[in-house]
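Those sequence lines, one after another, are chains A and B.
Residue numbering for the first sequence follows my numbering, starting at 7 and increasing by one per position.
Residue numbering for the second sequence follows my numbering, starting at 305 and increasing by one per position.
Quick caveat, the hints were computed from the structure, so don't treat them as lab data.
DSSO-like mimics (lysine-lysine), calculated; alpha carbons at most 27 Å apart, straight line:
1. B:337 with A:299
2. A:299 with B:332
3. B:455 with A:220
4. B:372 with A:220
5. B:337 with A:301
6. B:372 with A:299
7. A:217 with B:372
8. B:394 with A:127
9. B:337 with A:220
10. B:484 with A:301
11. B:372 with A:301
12. B:467 with B:455
13. A:217 with B:464
14. B:484 with B:433
15. A:217 with B:467
16. B:457 with A:220
17. A:220 with B:394
18. A:44 with B:464
19. B:464 with A:220
20. B:372 with A:127
21. B:337 with A:44
22. B:332 with A:301
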Amino acid sequence: MQLKALVLVLLGLLFSREALKAQDDLMNLFEEESEGIKYSSAAFKSSRVILGQSIENPSPGNLVFLIQHQFGNLNGGANELWGLDQAVIRLGFDYGVNEWLALGIGRSSYNKTFDTYAKVKLLRQSSGSRNMPVSLSLFSGAYLNSSTWEDPARENYFSSRMSYAHQLLIARKFNSNLTLQVSPTLIHRNLVATSVEDHDVLAISGGGRMKFNKWMSFNAEYFYLLSSYTAENFNNTLSLGIDMETGGHVFQIYVSNGRGMQEPYFVAENRGEWGNGDVFLAFNIHRTFVIRKPKTFRE
Amino acid sequence: MKSSKYLILFLTILLFSTVLNAQKYVTKTGHIKFFSTTPMENIEAHNRQVNSAFDLSNGNFVFKVLIKSFEFEKALMQEHFNENYMESDKFPNAMFSGKIENISDVDFDKNGDYSVDVKGNLTIHGVTKSVEQKGTFTVSGDGINANAVFKVKVADYDIKIAKAVIDNIAEEIEITVDAKLEKLK
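Isolated chain A, as found in the complex:
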């Protein structure tokens, strides 16, 4: 009799436990699924922190048309409408070739300079089964100054038109709002104005973004010159701006003392001074076009 009761109780317990656990058990079949490598994405809203490159590439198969526009210096006075009369512009295309490679071309009215670049993702920040604290990319650009020679009478070489920029971009997205990036930068100019000037200019950039709502962020970027001659005669570049994102566009509005939108100019030849109001109001517009659709949508 006692035994019968025991059996019933045990069976009852078993059944009720099973009933309670059943749905969890089914879910538990997928516990392992949540592991795997979780890549961090969208560290910045666009491929530029402000003037400089960000860790972001256009997505594979996407072409980004980039309009970069700087007004003249704010301290230009009423006659220049505080800089509105003296604008420089760069038009460019960035293309995401695959998951790790982006290529770009562009031309700026500043010194009539053409540029082309490659940006390669070497490491991607991830958590889960592979823990990688930062993303790391290598950026290399070449710049061709196509303005007429200052002194056409002397012997001028084509190579003198060229300059180069190389950067290691190291970024960490701390949370969905905050991303910080550090970028050691090397600029090489084949031709410099005087023999004392640095052909190679080293600088380090620190910057980041802080989202203050889902569609907008505050961005800041600082290039600090390390090469002594350049550091003494030119200025570090500070840019402060806001990113705004709508459906297919990203707008960046910023103020900077860096002139030009190409690394050799805004990093190594910057004469603008924040203290004098010798800064520029500027904006970038990024417009994305899908050139190659993802596999699922190719029919």
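With chain A's structure known, arrange chain B on it following the hints.
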């Protein structure tokens, strides 16, 4: 006498546990389609890595969907979907946990289409709502094909659409579920 009763108990437990396992159906490659339509724009996304399991013994039915696995035609949309709307860093999965209410209407030994009533809790973007939907079970020798089409109100799950794109994203999203579940071995 005593020992035979223990034997019965033991056998019952054994039987119960084996039967339980034998009656589970599962997939890790289910397909969920997300479709938003407005006069401005149609938006479509596909997730082909949907986890789903069904327990024939009690009618329990679950789905687990990794939000980051939804693929959009425009990568930028996919980014906005994850970053701004679903906040997939915070809420990586959508889940459904429920039951087939009319399981007795389905003859799992006979091939054919059966209409099923599904009831349970749907969790999206960290918000859980109780839902009731009709679906179809197609029983075949290979397993069960579970299909359903239903609508989800974006606002119900605390998802706010940006003003700039409010005309481009529907208030109600059509979800199409297509999961081929196979017997768990």
